[in-house]
Each structure stands twice: as structure tokens, then as C-alpha cells.
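Student: Given the coordinates of chain C, assemble chains L and X onto it according to the supplied hints.
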Amino acid sequence: MRGYGLFRRCRFLLGGLATGMFAAAPGAAHASEDALLARGAYLARAADCVACHTRPGGPVFGGGYGIQSPMGVIYSSNITPSIRYGIGRWSEAGFARAVREGLSSDGRHLYPAMPYDSYSGLTDRDIHALYIYMRQGVAAVEQPVGAETRLRFPYNFRGLMGVWNWLFLDRTRFAPRPAETERAARGRYLVETIAHCGTCHTPRNFMMAAKRGKALSGARVGGWFAPDIAAGRNGPLASWRDEEIDAYLRNGHVRDRAVAAGPMGEAVEHSLRYLTDDDLAAITYYLRLIDRSGSGAIPVEPRRKTISGEREYGFSSAGSEAVLAMARRERAANPGPYADRRDYRSVAGGAALYRAACASCHQLDGSGTQDDYYPALRESTILRGGKPDNLVMTILAGVHRNGADGLAAMPAFRQDLSDAQIVAIVRFLSRTFGGREMAVDSAQVAALRRLDTADFAAQALPSGSRALNTRPERP
Amino acid sequence: MGLGIYQMKRLTRRTVLACGVACLPAMALFRASHGSGRAQSVHHAALPPDFLALSQLLTGHDDLDTSIALRVWEALLGKDPEFSGRYERLARAVVARRLRDHAAYRASDLPRDALLHGTAVAIVGAWYLGRVGPMKPRSETDTPAFITYEGALMWRPTIDATVIPTYARGGPGFWAEPPATLQTD
Amino acid sequence: MTSTQYDADVIVVGSGVIGSLAATHLARNGKSVIMIEAGTRVPRWKIVDSFRECGNVSTDAGNRNQPYPNEPWAPSSFVPGYITNSGPIEYVPGMLRMVGGTTWHWGGACWRLLPNDFRLRSLYGVGRDWPLSYDDLEPFYHQAEREMGVSGDDSADYSGHGGAPFPPRQAPFPVRPQAFSYFNKRLREILAEGGYPYTYQPNGRATDPYDERPACVGNNNCSPICPIGAQYSGDRHATRAERAGARLITDATVYRLEKTPDGRKIAAVHYFTPERTSVRLTARYVLVAAHALETPRLLLLSDVANASGMVGRNLMDHNAFSLMMITDEPMWSGRGPVQQGDILKWRDGAFRREHGAIRHEVGNFVGNVQITERLLSQGLIGPALDEAIRHMAARWLFMGSNVEMLPEPTNRMTLSRVNRDFYGLPLMNIHYDVNDYARATRAVIRNDYADFLRLMKGEVFEQNLSVWENRDHPMGTVIMGSDPRDSVVNHEGRTHDHDNLFLATTGVMPAASVVNPTLTGCALSLRSASIILREV
Chain C
1 MRGYGLFRRC RFLLGGLATG MFAAAPGAAH ASEDALLARG AYLARAADCV ACHTRPGGPV
61 FGGGYGIQSP MGVIYSSNIT PSIRYGIGRW SEAGFARAVR EGLSSDGRHL YPAMPYDSYS
121 GLTDRDIHAL YIYMRQGVAA VEQPVGAETR LRFPYNFRGL MGVWNWLFLD RTRFAPRPAE
181 TERAARGRYL VETIAHCGTC HTPRNFMMAA KRGKALSGAR VGGWFAPDIA AGRNGPLASW
241 RDEEIDAYLR NGHVRDRAVA AGPMGEAVEH SLRYLTDDDL AAITYYLRLI DRSGSGAIPV
301 EPRRKTISGE REYGFSSAGS EAVLAMARRE RAANPGPYAD RRDYRSVAGG AALYRAACAS
361 CHQLDGSGTQ DDYYPALRES TILRGGKPDN LVMTILAGVH RNGADGLAAM PAFRQDLSDA
421 QIVAIVRFLS RTFGGREMAV DSAQVAALRR LDTADFAAQA LPSGSRALNT RPERP
Chain L
1 MGLGIYQMKR LTRRTVLACG VACLPAMALF RASHGSGRAQ SVHHAALPPD FLALSQLLTG
61 HDDLDTSIAL RVWEALLGKD PEFSGRYERL ARAVVARRLR DHAAYRASDL PRDALLHGTA
121 VAIVGAWYLG RVGPMKPRSE TDTPAFITYE GALMWRPTID ATVIPTYARG GPGFWAEPPA
181 TLQTD
Chain X
1 MTSTQYDADV IVVGSGVIGS LAATHLARNG KSVIMIEAGT RVPRWKIVDS FRECGNVSTD
61 AGNRNQPYPN EPWAPSSFVP GYITNSGPIE YVPGMLRMVG GTTWHWGGAC WRLLPNDFRL
121 RSLYGVGRDW PLSYDDLEPF YHQAEREMGV SGDDSADYSG HGGAPFPPRQ APFPVRPQAF
181 SYFNKRLREI LAEGGYPYTY QPNGRATDPY DERPACVGNN NCSPICPIGA QYSGDRHATR
241 AERAGARLIT DATVYRLEKT PDGRKIAAVH YFTPERTSVR LTARYVLVAA HALETPRLLL
301 LSDVANASGM VGRNLMDHNA FSLMMITDEP MWSGRGPVQQ GDILKWRDGA FRREHGAIRH
361 EVGNFVGNVQ ITERLLSQGL IGPALDEAIR HMAARWLFMG SNVEMLPEPT NRMTLSRVNR
421 DFYGLPLMNI HYDVNDYARA TRAVIRNDYA DFLRLMKGEV FEQNLSVWEN RDHPMGTVIM
481 GSDPRDSVVN HEGRTHDHDN LFLATTGVMP AASVVNPTLT GCALSLRSAS IILREV
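Residue numbers (the working numbering), protein chains in the order written: chain C, 1 to 475; chain L, 1 to 185; chain X, 1 to 536.
Keep in mind the hints are simulated off the structure, nothing from the lab.
Everything numeric in this text was worked out from a predicted model, so none of it was measured.
Possibly wrong hints are sitting among the right ones.
As the list claims (entries may be wrong) - Listed below are several chain L residues computed to face chain X (Cβ distance under 10 Å; list not exhaustive): (1) Leu70; (2) Glu74; (3) Ala96; (4) Arg97; (5) Pro144; (6) Glu150; (7) Leu153; (8) Arg169.
Glycine included, every Cβ here is placed at the ideal spot set by N, Cα and C.
Isolated chain C, as found in the complex (with noise of 0.2 Å):
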């Protein structure tokens, strides 16, 4: 489930304190001990340390979760404070180097799995407070990581990144700009920096480097796409209005607009849900600055027409009846695999499949439930982008998000669907809830499916099967 790719969302720090900290005056300086270890705490929430420098089961903040990366599988280090296995001997200055430069305080250099080139921005003030809480808010974790970093040549060589640091790395802590409202710097520091937005949704040259005035354009993360996030003019997110973008960060839904899944939906379980509402009602304004009128970019159709009104659960609706008829035709078509019980690898039709494995939650006419608790086929975002990766991805690893709202979870269909199976599906949906067919096919779905590094059961073996040494007799 974890292991998204190299930048998947390796959040190492940080995070702008509760409310309107940016705002306050030096004086808060003198804020009390709890104080300090309340904002460094929510900073490191904001910042989604946890995400990665916790394994799955694994102790919090003790490291050992691997990162996949084209170069190798990349470990996150123990951050608590114990002395033999984290960072309990280092110093604020140490700390603040390997935080804001991916210089270790051994001298090492870290990889860009750790988003420095993100945090690199912190604030003096911030690093200390995230400094403070890691020392005296974390409980020391006694053990080692276990698995250690080995990367292929010449990426073995920590020195290289020395070299994509001097060409890449910018040391401009954050500070608010002239002219800048109080509001915009706070989303700018908080997207740019503490919450590291770029880290996913910046595309990337060949040195992984985030490509400069390509800002939040959108980009791959493992098999997800992270798509552009602008909301100015003619941006993706343009006709959300600002309380659907806050409750999206929020609870990662928004009624006929998109869910959350993969990557984001991890940002919001472990990170996004818990920022205030100033927090997030700052990242949308910042993000409404972003547009895209310049850029060529196709305009964004208004608001479509809502569909909530039209939930109604029952399947005597044109839609219903004309799924139910697809998937007629689909078995008059090829009845054999339909009528054999056994058979579910020759199943092919999409519509079918859709009724079968999607449309107990989803509705057959896709309109999910009156509730939202199973969200509309019909309006979302998934089925409209033209780029298939992020449906694919959703209906392989399904959806496990814990946002303020509440749990989501959808099955992952890794094991239950083939590649063509998925292909019929995501055409199926795109064809007739989404407007127009996604170009997709088996390849692009294998290729995808490599990405999806959740641990995978092995296939039953067929009788017989050499592979365990049987020894065949003679009846």
C-alpha cells in the first residue's frame, strides 16, 4: 500500500503553527514550554513527518519505511530522540541543517526522498519549535531501523547530492512578501513549505529537481498523477467554489467532485485533516492566485450541474435500466464465462463487471448514494481527466482514507480483476458516466499494477505444481 515512488509524499517536517501563528508578534516568543511543544507538534502534522519516517506497524517516528525510487529503495531514519538509534544527540543547528539542507549531522548527505528542497523555506522560529517537540514530545524509540539504504550506482554516492544541492537547492527562508496579504504569505508558506504541496504536484526535471515556474502543474507520483492544483483563472480547480477546496483538504471528499485516494488520500489522514480551519481556508486562498490564463491552458467549464438532487436510491431510473441492458447484451454476447461459475478470468464485459463488482456501493447508474457515503461516478473528477492512471490506481489499491469526517474504504481489486478486466471497467465508466472513453489499455494497467507496491498475495498454485517439490505417483 505504501511506497508511492521517489517524491510520493515524504514529508520530513514541518508545518506552520496553529492558529495565525505567522501573525504573531515576537513577543509570543516567550509563549510557555507547552506552547512551544503544542505548535511544534501541529508542525510536525502539518509537515506529515510521520507519513514516512513511520513503517507500517512500526513504532512512531521510528523510520524504516522504504521508499521506492527509480535509483532504489530509499529508508527513512528513526527522527525520536533516542541517542544510539535517532537524533538524540543532535543539535538545534544540526537539526535545522539536515531539516532545511539534507545535510545529516554526521556530515552525510540526505536523499530528496526528504523534502528538504520544500522545507528548506522554514522559518528559524518554526524549526525551533519542531526541534523542541521532537526532543521532548516524542518518545525515544530504542531499535534500528533495520533495513538500510542501498542505491544502485552512482546514486550510492551521498556526495553526488552535494552537487544537487549547490544546482538546486534554494536556502530563501520564507518571508512574507512586500505587498503580500497576511493570508496569501501564510498559504504560500504553508503550500510551498510546511505542507510541501510541490513535493507531488510539481513536475520534476531528469536530476528530480522540481522544474521552476511549473509550480503545482501537476505530476506523476508512482503510478498516481498529481494533478495541477491551480484555482486562479482557468485553473483545474476554478469552479470549486473555496468551502469545497477546504473540506476536500479536510475530509478528502467533496459531493460530485473527487475523493481522495493513494498519496492524497494519505496527506489528508495524516496531515491536512488535522490543520485549522484559518490553515486551510489560507492554503485555498494562495491557491486561487495560481491561474493559469497565460498558460494556455483550456478554460474550465463552469460549475456542472449538480446531481445531488437527483440521487434517488432504486433502479427503475433510464440510467439503471440502461446499465442493466448493457450488461445484458454484454452476456447474450458471450453467455459461456457469465454462466459457468467458476470461470470469472473471461469475463469481459464492462458494463457487467461494473455491475457486479462496483455497483452494490455505487449505484448502477453511478450516482452513489443519496448520503454521499458512496460518492457519484457520474461527476467526478477521475472519470474526466483524460489520464486513466488515477482510476486504474483507485480500482487496484481502492481507497483507505481516514479523513476528519470520518473512515473511507474502498476494496482494493488488485487480486480480483485482470489487467483487460480493469480496461473494460475504466472505459465502461469513462464512456458512460464520464462523457467521454479513456484511452487505456492492458499494457498501461500492467505497468501500473508494478506500481502498486502493496504486498501481494501469491496466486494459488495450480495442482500439481512443481514448484513445491510434489512428487506425482502413479494412480
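Tutor: Coordinates of chains L and X only, in the frame set by chain C:
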């Protein structure tokens, strides 16, 4: 031949309704005049052109799914090779009495005619249960002739209150409260 | 530890919940495990599709095996000739042979037995005592509940006396209870007026997402197939065992356990493939978890573990009567999962000297299928039919009354002298009768039904107080005991006759109690696995 299923399919729901019950006598007569006493195998059983209209009259539902009418007919025939004749007798009786809707059927003498009403119930049952023939709790042989699951009319009277089993109506726990209609149920 | 002279440390025969839990536990602890499954594997969506397209089963009626694979070499139990009956009571339980086993179509009930259920003979002078106590099994109940994600009411007295929480448990249920439906809440209120406590049924449905299962949203089709996998089924642990390194061989019918020359151990396991090729596999230990009927069949076919002559005997079920009524007030059965509560008034007490325990289990089904059939049979059509369906569906109440049986050696499964399977091996004959101890519950149930009808101001829709139904809960067929002369396995689940052969099935249970036996079978299996783990 009257309207075959392929022509039938192209009818929109509206045209079926417009013609529907109102056209029933004419259509039925048309069919009767072409006396179809011929033996028909299940797979080649032509759908009587008035079947949908008569189904609407008997069920009282004017929005039957036209796309499954042939399946209903085939299922009825599949379980009773004599059904064609039974159907014809009922259709003739309905035409003779100029019954144009369900209320007229009820008010007529037909519900008291065990044989003819039995045929009517068989047709209604197929549309309501989505199958013909009883379920076999401990057997896989001689099982019902299957027509439709979601399209079975038996779900409709409670569609606002319960579920068509296997299909979700919302998130967990809605069931803690009674349906909104409880006071008038 | 693993030696190359064996194919595996442990071979598990059967990939249902009971075998898969043990296989998972052993594999996770580093043992090499091979699971052998007679049937095949299909994904959930395929079963959902077959369900919606077959017409021979609904959530509350019909043939629950119907949507599942049914191969000539792994027939489901309702294939003619698979089981013949020679006794006064027909006994052919619903049963599946495929990866995951019969919990694909269960109702999800996950009961612990009561401490007293283990001591029937000592306490009430009937039946048998178990060779282990509730306390011995408790840690494994706990483990099974965590693995399966069991939801239950921590405040409930499951002995049915309306007292303090019981039986004792080392930790709360791993999953909080689902909301009682309005139907069940009203029922609880009305029953309370008559002195009948009504408790939340412990079950394997995910109240909140659990492991890889989404939350239950009340699709009301727990059996024959939960369409979304919110309800636990054995395929979960078959898959988990594989992830932990176990090898699963499907379409492989184990037909013989081969003894060592001295007869004290099992040397090898033989299975057929559908091509009728025979394969021999060896292991240090063998755990047969092949259902309460197929397990003794395999032992009889192999002439194994039967020095006592008890293999196949002592068959028990929770034979049952049932009542369907139309209540006075609309309560709307059918919102939420298909069963949520039980009346446990007769679960335990001094009455067990005289008659079996009784558990009235209340269904929460969408009743439209049976209601519509009934109304059609009365000739109702048209708008009046719609009105009547709605009226009755709002007031429909369906309950089954499960009864405790005692082990009787005469109730037995034997190899058929007539019918043979795909490989030419004898199938099964069952001779079954309900004994007087169980029959004595009839008067009590009749009284209760009269009470329930009075309390609900109900009209009988259908009442069965004459034909013993079975609940597909076979037990006792490879009975557990401390005396090798009258039992097949000891308290560990180890056969008395063969040191390295363990049986994990509800067939080992020497007392039926009155609750669904799956969780007890799972706990016993995990206990056996922990013992094997120490030795292998």
C-alpha cells in the same frame, strides 16, 4: 407477423405508453386473427405484440422495462409449454370485455375465473418475482426460469424504506431510525 | 528447523476459516505450510454476479450454494447423491468446497460458548464434559475474535439472564457493536415486557473498516453473499496465510492419509487433481480442517484415527423450528444486516437436565420475496398487491429457534455403499434423528411462540413446530474427549491414534450448546496451531 421484439425494442417508453393499453384490443385481435396455434420452442417464441400492454394492464404498472419483456415471456413459456395457449385465452377474454386498465380488469368477471386469473397471476408473478417457478432450497435441478433481479417489481413498493438486497442505500447505521413514513405505514 | 526431507512442516487440509486461521498462524511464525483445497478460488464479484443471475436464491430463501462453483471433483452439498439419508430426519447441510469454505455464505454469528457448556455431564447429568475448560480456550477465542474482527456488546450477559457481562473475556470485543435497527430496538422493548432479554448478536461484520474490509452498510444479503466483503469470510485468512508464505494448492482433493509402518504417525497426504493424477506430499504434522463431514469421511477412507470407532458418530446440529409473523405495528425488518439479535432466555440453566437449550434468533430480512409469493398465491395482483407488499413488509418478523442436541453415537455419517465421487471414492450416508432431550424443547418453543404472538399482537404468517429444520451446524463427528476408547481427538485436537495428526473442525466439539459453532471451531484450531508450533 405483428410487431417483433426487434421492432418492439425501438419503441420508446413513451410510444409504448401512448399505444399501450389503449391499443390493446386492436393488437390482440391482430394477433388472434393470425392464429398462432403453432408450436414454439422457447428460444424462438415470438413475443406476442400485445404482451407488454397486457402486462401493464394486469400489473397496473405503466412503466414496465420494455427491454425485459421478451425474457418474461420466454421464462413463462420455458416453465409451461402450454402457456402460449393460456395466454391467448386470457388476451381474448380481455379484448372481448374491452378492458382497458387494471381497474376494469378487477371489476370484470375475470378475477373469479380460476383458469384465466391463474394465467394473469402467472404473468404478474413473473414481473414481480423476476423469475418463473419456485426456488429449490436444496437443489440445483429444475430451478426457476430467471428473468431479472433488480428489475423485479416486488422491490418497488418498499424502495424508499428497505433495500434491494446487495445494493447499498447509504452509509452505516441509517437503520437505527425508522423510515420517514413510519407514521403512515 | 525445516528439513528438506519433508515437503512442509505442516500440511493443512482445507482452506476454510478454521484451516486458514491455523495456516496463517503457523506461517507467520516461520513454519512452512501447504494448504490443500478441494475446490477453486473465485473473487467476490463473481459470486455476486452469479447470485443476481440465478433466480434460485434470495437473502432469506432458496439454495444458498447456488451462486458458488460446483465442480464435479468438488461438489457443493446439495448435489444429488453427495449425501444420502437413511434415518428419520433428513440431514444435508449447506456447504461449499472452495477457497474460503462455507463462511462465504454464513450469517456471520461469532459466539463463544459458556463455561457451563463445557461441563454438561457434571452439571446437568447429560451429554459429555469437554476435556478442556472455558478458561483453557479463552485466549484463543480472543485471538480468533481479533483475527476475524468480531463485533459484540461488552455489556451483554450472553448467558441470557439479563445480568452482568458474561462470559468473562480478557479484553473487550475488538469491534464495537453496530447500531441496532429500529426493528430490533422495538423488538427489544416489546420482548422486555414479556420478560425476554434480547441481546446483540456477536458477529463478524465490520462496524467500521477493519483490516481490509469496508464497513457494513446494511445491504441485507449477508448470506448467500456479502456483496462488499464487510462480513468476514474464510478467504480472508486463506489469502493472509499465502501472504505469510503458505502455499495454497487448489482443485486438489485429499483422499488418503498414509500411515507410517507402525501406524503411529501420518507419513503422507495424497491428493487427486481433476486430471486424476495422484500427488503425495509429506509433512511433520498434518492438520485436517475439512469440515465436520468431509473430515471424518477422509479418516474413514484412510482407515485412520478410528480405534474408538467414533469417527463419523455423534453428529449434532442445532435443529430448529421457526415462526414468521405479521406484527401489529410497522417495524420494518430489512434495514441493516440480516440478523442482529437473539432471545437467550433458555441458553443455560437447571432446565438443561430436562431439555436442550433454545436460542430464538431473529432475522432482519427484507421480506419481499416470501411476502410476494404468498400474496400471489392468494391471487392478488395490481395496485392492491403493491399495497399489501408494503403493508406486510413493514410488519414482517422471522425467527428461528435453534435447539441443543446431545451426542448420540447412532447419529452417524458412514461411507455410502452406493454413491461414489468423481474419483470413484465412496460418498456419504447420514443416519440422523433428533433425540428426546432436544425434542422436549418443542413444548417450550410452542409456549414462547404463543407469547411472542401475544406481545407483538401478531398474526402467524407461517409457523413450523413439526418438521425439524437443520441449521448447517454439524458437530461431534470426530468427537473430542480424554478417553481414547470413546473419542477421536484429545483436548489438543490431536488424534488419540496418531501423534502428528490434528483435526480442526466443529466436528471435534463434544457439546453443541445452542450457538453457531464457527468461532469455537476457530478457537480450537488456533489452540491446536499453538501446540503444533511448539512441537514442529
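Student: Run every hint past the structure and note whether it holds.
Tutor: Results of checking the hints against the structure:
Nearest Cβ of chain X to the Cβ of leucine 70 of chain L: about 16 Å, over the 10 Å cut. The hint is violated. Evaluation of the glutamate 74 of chain L hint against chain X yields a violated restraint, the C-beta minimum of about 13 Å exceeding 10 Å. Interface restraint check: alanine 96 of chain L against chain X, minimum CB-CB distance 20 Å, threshold 10 Å, status violated. Checking arginine 97 of chain L against chain X: minimum C-beta separation of about 16 Å lies over 10 Å; hint violated.
Taken as an interface hint, proline 144 of chain L checks out: its beta carbon lies about 4 Å from the nearest beta carbon of chain X, inside 10 Å. A distance limit of 10 Å between C-beta atoms decides the matter here; for glutamate 150 of chain L the minimum to chain X is near 7 Å, and the interface restraint holds. With its C-beta approaching chain X no nearer than about 8 Å, leucine 153 of chain L sits inside the 10 Å limit, and its interface hint holds. The closest approach between the C-beta of arginine 169 of chain L and any C-beta of chain X is roughly 8 Å, which is under the 10 Å cut-off, so the hint is satisfied.
Going through the hint list in order, the structure does not satisfy hints 1, 2, 3 and 4.
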